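Now for the letters of each chain:
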Amino acid sequence: MYGDNSMNNNSTPDAVGRVATTATRVIGVSAIVTMAWVIVSGLFLTPEDAIQGDAVRIMYVHVPTAWVAYLAFIVTGGASLCWLLKKSPTLILDRVAGASAEIGVLFMAMTLISGSLWGRLTWGTYWVWDPRLTTTAFLFVTYVGYLAVRGLGGSPHQRAQRSAIIASLAVLEIPLVHFSVVLWRSLHQSASVLSPDGDIKMDGLMLFTLFSGVVAFSLTFLWLVMHRQRLLTMRDVIEEKGLEVAIRERQMEPEGSDL
Amino acid sequence: MNDLGSIVATYVITFGSIVSLVALTIQRGRKLSRQVADQDKPWI
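Protein chains in written order, with the working numbering: chain A, 2 to 260; chain B, 41 to 84.
Derived from the structure by calculation, the hints contain no laboratory data.
It is possible that part of the hints are untrue.
The calculated DMTMM-like cross-link candidates involving lysine to aspartate or glutamate, where the alpha carbons are at most 25 Å apart (straight line), are [what the hints assert, rightly or not]:
no. : chain 1 : residue 1 : chain 2 : residue 2
1   : B       : LYS71     : A       : GLU241
2   : A       : LYS87     : A       : ASP204
3   : A       : LYS242    : A       : GLU254
4   : B       : LYS81     : A       : GLU254
5   : A       : LYS87     : B       : ASP80
6   : A       : LYS88     : A       : GLU254
7   : A       : LYS88     : A       : GLU245
8   : B       : LYS71     : A       : GLU240
9   : B       : LYS81     : A       : GLU245
Please read all numbers here as calculations on a predicted model, not as lab measurements.
The whole structure should be built from the sequences, with the hints applied where relevant.
Following this line, the structure appears as structure tokens:
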């Protein structure tokens, strides 16, 4: 019975708990290995920065978390826009959008926290109402609102429709956040690697560790999106089947039984 | 290492959050998977 905690009659014992596939296992192991390297290299192998000293070690997690948050919200926006344009009968795009937004919100929160700790060391304060920090906080709140809207009642298609419209608009905030350091006078430093002049002023191992962090966190994002959209698929199936059972039971009740 | 507390706190919060989300996802997946038939799992 769907919605029951007992084993489903159609599930084989081997399939119980089977959400992972070979692809997600490979991605997961790759993410663990690259993450371990980032921790070791970021904390112990990379040199101090000439100006910031050891505080630069926060960069190896702060930049990749910000990158994944951007990536997650772009995936949410792209999947939502595709769903709106295609109006596909399947909800896979909506589930990918929802799963990606959940991950994006977590990584954005981590970006804000790690940025605050880094700011305490380099600026002497956890928070300032700087354009980059303010727009990032606004982006975070927007996607928390998006997740709240996804949690409202209605059918899966109603959920997909309303959340896709919000996500398609919310994604427009990302260029504003990214270019806020260029558009306004900002305390936050401008891009170090993707600078407009293309000149990278960073030690080789520091750059490699930063790049490894981006790869590790991107792999983690991919693993999480694949797994969490499968969770959303199973949750929708349980809700749909549960509703069907409830309707059938209601139809089988004798007329006037509720009087 | 200077500023050790803030640096370690950043790493613990970041990687701790990721590990927690992964663990939660695996646990929730196992629970839901028991309630859904194989034919409703397109990835199998």
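Could you work out which earlier hints the structure fails to respect and list their numbers in ascending sequence?
-> As far as the earlier hints go, 2, 4 and 6 are violated by this structure, in ascending order.
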